[in-house]
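Protein chains: 6
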Amino acid sequence: MSEEQKRIEAYQEARKKADAYYQKASPAYRAFQELAKQAFRPGALEKRVKEMIAIAISIVVKCEPCIEHHVREALQDGATEEQIVEAIEVAFEMGGGPATVQARFALEAMEHYRPRQ
Amino acid sequence: MSEEQKRIEAYQEARKKADAYYQKASPAYRAFQELAKQAFRPGALEKRVKEMIAIAISIVVKCEPCIEHHVREALQDGATEEQIVEAIEVAFEMGGGPATVQARFALEAMEHYRPRQ
Amino acid sequence: MSEEQKRIEAYQEARKKADAYYQKASPAYRAFQELAKQAFRPGALEKRVKEMIAIAISIVVKCEPCIEHHVREALQDGATEEQIVEAIEVAFEMGGGPATVQARFALEAMEHYRPRQ
Amino acid sequence: MSEEQKRIEAYQEARKKADAYYQKASPAYRAFQELAKQAFRPGALEKRVKEMIAIAISIVVKCEPCIEHHVREALQDGATEEQIVEAIEVAFEMGGGPATVQARFALEAMEHYRPRQ
Amino acid sequence: MSEEQKRIEAYQEARKKADAYYQKASPAYRAFQELAKQAFRPGALEKRVKEMIAIAISIVVKCEPCIEHHVREALQDGATEEQIVEAIEVAFEMGGGPATVQARFALEAMEHYRPRQ
Amino acid sequence: MSEEQKRIEAYQEARKKADAYYQKASPAYRAFQELAKQAFRPGALEKRVKEMIAIAISIVVKCEPCIEHHVREALQDGATEEQIVEAIEVAFEMGGGPATVQARFALEAMEHYRPRQ
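Protein chains in written order, with numbering that gives the first Met the number 0: chain A, 0 to 116; chain B, 0 to 116; chain C, 0 to 116; chain D, 0 to 116; chain E, 0 to 116; chain F, 0 to 116.
Simulated from the structure, these hints should not be mistaken for lab results. Careful: at least some of the hints might be erroneous.
Same chains, same label: a pair holds when it works inside one copy or across any pair of copies.
[As the list claims (entries may be wrong)] Think about it this way: if two alpha-carbon atoms lie no more than 20 Å apart in a straight line, the pair counts; the simulated SDA-like pairs of lysine to any residue are: (1) LYS16 / ALA43; (2) LYS61 / GLU33; (3) LYS16 / GLU110; (4) LYS15 / GLN82; (5) LYS61 / ARG14.
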């Protein structure tokens, strides 16, 4: 298993563990989860479009576990790799060089979650 | 003319003036303009979707003139206010309270550029 | 009325207007409001301490309307100006020069909301 | 030793090494250390409250070694885990999803430095 | 007097007022001032180079009063407009679109402080 | 090989891989590369000065692979370690504590790429 795959799995485990902790310990965290649910509900925009918006933001704000999560969701919701790359291109325009750095990890996440034929 | 409308017009004038200056003075600026053109070209995602991605990023990174620009473009490209609000909702999830603050100006921009019937 | 006082009032009006709009238009915004309510509930930390945490964050992330709001709340909850300045000092350490710039507006907000004797 | 514990120790070693280097090489660094000392001095706010302000800022600005340092200090100064979680909740409100991601590492730091009975 | 010139003067007044307040009220602020003095001392790099580094950072972190201050200092220390533009170009690369937005105000500051012949 | 050296090599590999991918898949990425080329061209400022500007920005925006890249370039272009440290000091002033944290990795990069005698 490559370093990148290990990192992806480490992010998933950390999320699971912290989810359990903060759901119990924090009413604000529970409210955040409702916010997340509402923000990504299918509506006038499809969920996969919302996930691609989140990918682009994640890249600009440099949140790798966010990239991992939203790339996975976008692919599961039927976004194509070509579409995700175009969302990332908007992040290039809005974030410059550091966005191209974060796009390296987005590539790893796409490879990890890419649907197998 | 309200304060907000004045601000919107001030942003447009500042952009026009600086565009002229940096296009002449800066090769890197000219390259940036090509980057911007490529990032928003219609492709696997429609241009209006890319503009909504840019709105959401603009809100999270707190760039008011960016909000003004991309709201205008999104509306011109046929995005509905309902769709733009849903893009903004992703920014709420990714940016918390400060994103809700920036969404105030996004509302002003939507009102300013909203198509008249 | 000074420029700063005008700005403070403009922030309040913008909040009021946008609140009304997004409460109606956005389920994610309504969920955010619940998050905000939970985050500032009195608990193991007093509400005024939480407001001072929010002041310091607002300074570091450069959100003036957030500064205005949380300075007002902190003073109303009984925080002293001396305590607020000490919260701002942590922002100096964590945010450097740009934090000292934002602290200028925090001072205006403190003067605006300072309890009269 | 878990991955997280290794990371915490790596942060401590990196701090120690760089401290020695920059203290010698950089007058600005030495001035920064005085700033840090002043920012966290006990005053109108207790030191542990200042450490919790720093934890919340660290989460919002995504600085893991900062989280590690200030969680350790807060616990040593007598802050309870419940209080730290409430400081983190303010970070959720001010930082949205990426703050919940950083809170995962804050949890690791709390577990690492949690006083043993 | 144009809007931009008014803004520049407002920034100067706000700095002066807050300087007086925080110098008196905050030991951490006084330590920050020593940090600032050390960071910009002439050394292996000329002061004007350090000011241009600060201009570029100010643009990327979106601090207008910082831009105003460091453009003034750089010009006073003998930096040419061509050099400042090249420093800004690095900010374009590192900051993307929002950096080009901040460069608009940098242009205003350059015009304001440009040496008259 | 130390952990830090491994990290430096991992950053180089990730860059190489992603470069190949995005150069092929993304016209916006290719435009970004032209922007990068223009931003660092020798001009009124020497290339090594531009690299030091980029180091300081990288530290403030917390982009480790950017630090690695620009420290390497600066040293290759003849910048001295003393000069780089002074650029980093401006980052301390503009970025506070989190900048001092990023400066730890800058030190590792300097050691890694330091010219051998």
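Structure-based check of all given hints:
1. LYS16 / ALA43: Close neither inside one copy (33 Å) nor across copies (23 Å); limit 20 Å.
2. LYS61 / GLU33: neither (23 Å within a copy, 23 Å between copies)
3. LYS16 / GLU110: between (25 Å within a copy, 12 Å between copies)
4. LYS15 / GLN82: neither (28 Å within a copy, 22 Å between copies)
5. LYS61 / ARG14: Both ways: LYS61 and ARG14 sit 17 Å apart in one copy and 16 Å across, limit 20 Å.
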